[in-house]
Amino acid sequence: MLDIKNLQVKAEDKQILNGIDLHVKAGEVHAIMGPNGSGKSTLARVIAGHPEYEVTGGEVLFEGRDLLAMDPDERAREGVFMAFQYPVEIAGVNNAYFLKAALNAKRKHHGQPELDAMEFMQLINEKAKLLEINQQMLQRAVNEGFSGGEKKRNEIFQMALLEPKLALLDETDSGLDIDALKIVAGGVNAMRGGDRAIVVVTHYQRLLDYIVPDHVHVLSAGRIVKSGGKELALELEQKGYGWIEAGSQPVGAS
Amino acid sequence: MAQVVERLQPWLAALEQRPQGAPRWVQDLRDQAASRFAALGFPTVRDEEWRFTNVAPIASTEFRLAQPAPVTAADLDALPYTAAPFRITVVNGRFSAELSRLHNLPRGVRAGSLAAAFSEHSDFVGRYYGRLVDWQSRSFVALNTALAGDGAYLYIPEGAVIEQPIELLYVSAAEAGAPQMAQARALIVASERSQVRIVETYASVRGGGYFTNAVTELFAGENAVVDHYKVQQEAFDAYHVATLQVNAQRSANVSSHSFSLGGKLVRNDANAVLDGEGAEVTLNGLYLADGDRLVDNHTAIDHAKPHCPSHEIYKGILGGKARAVFNGKIIVRQDAQKTDAKQTNRALLLSDEASINTKPQLEIFADDVKCTHGAAIGQLDEDAIFYLRARGLTYFEARDLLIHAFAGEVIDRVQVEPLRQALEAELYAQLAKDLAEIDGA
Numbered sequence: 004m005l006d007i008k009n010l011q012v013k014a015e016d017k018q019i020l021n022g023i024d025l026h027v028k029a030g031e032v033h034a035i036m037g038p039n040g041s042g043k044s045t046l047a048r049v050i051a052g053h054p055e056y057e058v059t060g061g062e063v064l065f066e067g068r069d070l071l072a073m074d075p076d077e078r079a080r081e082g083v084f085m086a087f088q089y090p091v092e093i094a095g096v097n098n099a100y101f102l103k104a105a106l107n108a109k110r111k112h113h114g115q116p117e118l119d120a121m122e123f124m125q126l127i128n129e130k131a132k133l134l135e136i137n138q139q140m141l142q143r144a145v146n147e148g149f150s151g152g153e154k155k156r157n158e159i160f161q162m163a164l165l166e167p168k169l170a171l172l173d174e175t176d177s178g179l180d181i182d183a184l185k186i187v188a189g190g191v192n193a194m195r196g197g198d199r200a201i202v203v204v205t206h207y208q209r210l211l212d213y214i215v216p217d218h219v220h221v222l223s224a225g226r227i228v229k230s231g232g233k234e235l236a237l238e239l240e241q242k243g244y245g246w247i248e249a250g251s252q253p254v255g256a257s
Numbered sequence: 126m127a128q129v130v131e132r133l134q135p136w137l138a139a140l141e142q143r144p145q146g147a148p149r150w151v152q153d154l155r156d157q158a159a160s161r162f163a164a165l166g167f168p169t170v171r172d173e174e175w176r177f178t179n180v181a182p183i184a185s186t187e188f189r190l191a192q193p194a195p196v197t198a199a200d201l202d203a204l205p206y207t208a209a210p211f212r213i214t215v216v217n218g219r220f221s222a223e224l225s226r227l228h229n230l231p232r233g234v235r236a237g238s239l240a241a242a243f244s245e246h247s248d249f250v251g252r253y254y255g256r257l258v259d260w261q262s263r264s265f266v267a268l269n270t271a272l273a274g275d276g277a278y279l280y281i282p283e284g285a286v287i288e289q290p291i292e293l294l295y296v297s298a299a300e301a302g303a304p305q306m307a308q309a310r311a312l313i314v315a316s317e318r319s320q321v322r323i324v325e326t327y328a329s330v331r332g333g334g335y336f337t338n339a340v341t342e343l344f345a346g347e348n349a350v351v352d353h354y355k356v357q358q359e360a361f362d363a364y365h366v367a368t369l370q371v372n373a374q375r376s377a378n379v380s381s382h383s384f385s386l387g388g389k390l391v392r393n394d395a396n397a398v399l400d401g402e403g404a405e406v407t408l409n410g411l412y413l414a415d416g417d418r419l420v421d422n423h424t425a426i427d428h429a430k431p432h433c434p435s436h437e438i439y440k441g442i443l444g445g446k447a448r449a450v451f452n453g454k455i456i457v458r459q460d461a462q463k464t465d466a467k468q469t470n471r472a473l474l475l476s477d478e479a480s481i482n483t484k485p486q487l488e489i490f491a492d493d494v495k496c497t498h499g500a501a502i503g504q505l506d507e508d509a510i511f512y513l514r515a516r517g518l519t520y521f522e523a524r525d526l527l528i529h530a531f532a533g534e535v536i537d538r539v540q541v542e543p544l545r546q547a548l549e550a551e552l553y554a555q556l557a558k559d560l561a562e563i564d565g566a
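Going down the list, the sequences are from chains A and B.
Per this note's numbering, the first sequence runs over residues 4 to 257.
Per this note's numbering, the second sequence runs over residues 126 to 566.
In short, the hints are calculated from the structure, not lab data.
Treat the hints with care, as some may be off.
Stated by the list, open to error - Just so you have them, the derived chain B footprint on chain A, three or more residues with Cβ under 8 Å:
no., region
1, 52 to 61
2, 115 to 121
Claimed, not checked - Some chain B residues judged to face chain A by a derived CB distance under 8 Å, without partners named:
no., residue
3, 301
4, 516
5, 531
Positions of the beta carbon are idealized from the N, C-alpha and C atoms, including for glycine.
Take the sequences, apply the hints, and build the full model.
Structure, rendered in structure tokens:
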């Protein structure tokens, strides 16, 4: 699904990723962990196509196609979704209107008919229940005046609606209380399975109690320094990141 | 100085041709206003109120006074907003009965020619006309007061509730040859407990580099509710200078929404005096400019009495090398305790060469008041664009959505549905053209 080879990225003349190799197969859940500044959010944002980064080397293939050659909106319509660490507030744009525009952009791209208002409302009500999104949140401007938890729920709600092939969750757990965390994790878990691949970027092991990964990778100084199964997350929880940064040699991840 | 006087000469000559034949008090007012204009001359950029707007292009043009010109109903049907059930039409400064729609007006409403009102309701009109607006120290108001021979008059009697909007339509019909100047003048009196919706439109049927100098006096009596819209759609090479002067009495509620879409050099003054306890005023505005056009909005809200809320949202969208000025003055007099004044001013710059000078100006002499103001100038929010693109919208779709949302905050408040639709269509047609130029560049 996703093949990253020797990816090197810089932002504002600062090298952030120094050769990332990562391979995510259909149906897998990967967790990317690492201390602050290790480059884990950068990795998610580069895959989504954020314009502030410059790829200086390597490649990213999505279903065998060159992802880096696509505009961010084309990536989205092809099935790449990133839940933002800091969802953007968009004044004056009604949340339901925005969701419909996003959904129809994707449907159009895939040659499907656009949903009419009735069909859309049916779909939205079904998905809204899962993430405890109320009517008021749908009628407000996108993310405007939303609490931190509401913003993150709104992200996963969008994911549920857009049904991506590859979902990247960029620190979706940060700032969430345990109840919000459970709702968000429940939403993600409901989307698990089939061919959908999920990459969870997080600083803390806590989220991984609820979204249990198949693979865990540890990022440090722009490289994956350790990869393992879900037990690696627990090890990190106990020992912190210090031992990784101090000792490990970079290894390729599979 | 000699140079200045010389430049003023054609204007003084025009003032000599000021209209005659009105009641004595009107004539006296015109004479005094003419003297004031002669003494004041045109403002320069050394005047604080005109720092960023140089009116030399107007002052140095020899305009001839607009004459009656043929305009047909079909000409007016081509204007964007045609749905007003009632309409007072003024062509080149003169009321036109045949182009107006004044049948079936509710009982007691007087709508029509200002010149006729001077003679037919002289005493009543004399209580308001030239008394709300400051012609003593404002050059363009003095010029208008001296030269306006006619215009629009609207009187709403006590307790009348007029459901349907009444349009004051000012049409410039320029003839070939020297550019013309027309004075657009209106007096609107909404009596106690009355309720009315007014659309004031400025448009042209034949383009041409003309000059509209407009003054509207709007008096809202106790408990009156007035919903006012000014739609400025002059030709793109026209000059437009206008003053709206609102006086709101006790518990009156006046909202005025200004849409400035046309004109090459535009100056709008919107002034409101909260002249009775509990009066409420809203001044909103949306302006659009591109090319090398200039739009200057000056607003002044004068809290003269206690317990008055005022609200203000001004938004601009600028492309090309357009320039804009926003100056929002709020005065809170010593008596005006419990004032609650809010002002927001935002501008969206679509190009690097567009610019705006903006200034809130608060003069507060009372101590128990709440005044908030905020200004934000900038390009489209890159984070918002990326967010929308990350959800599958193209760059162009994302940009259009954000621009529409920006303008929507003002346009969505228009309560007259056909007008809202006309404004939207007009605004987005202009924007589409501007954006196509940017994309082509």
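Each hint tested on the structure:
1. 52 to 61: Contact hint for the region 52 to 61 of chain A vs chain B: holds, 3 residues under 8 Å.
2. 115 to 121: Result for this restraint: violated, n = 0.
3. 301: With a minimum Cβ separation of about 45 Å from chain A (threshold 8 Å), the hint on residue 301 (chain B) is violated.
4. 516: Holds - the Cβ of residue 516 (chain B) comes within 8 Å of chain A, reaching about 4 Å at its closest.
5. 531: With Cβ-Cβ at 6 Å, under 8 Å, it holds.
Hint violations for this structure: numbers 2 and 3, all remaining hints satisfied.
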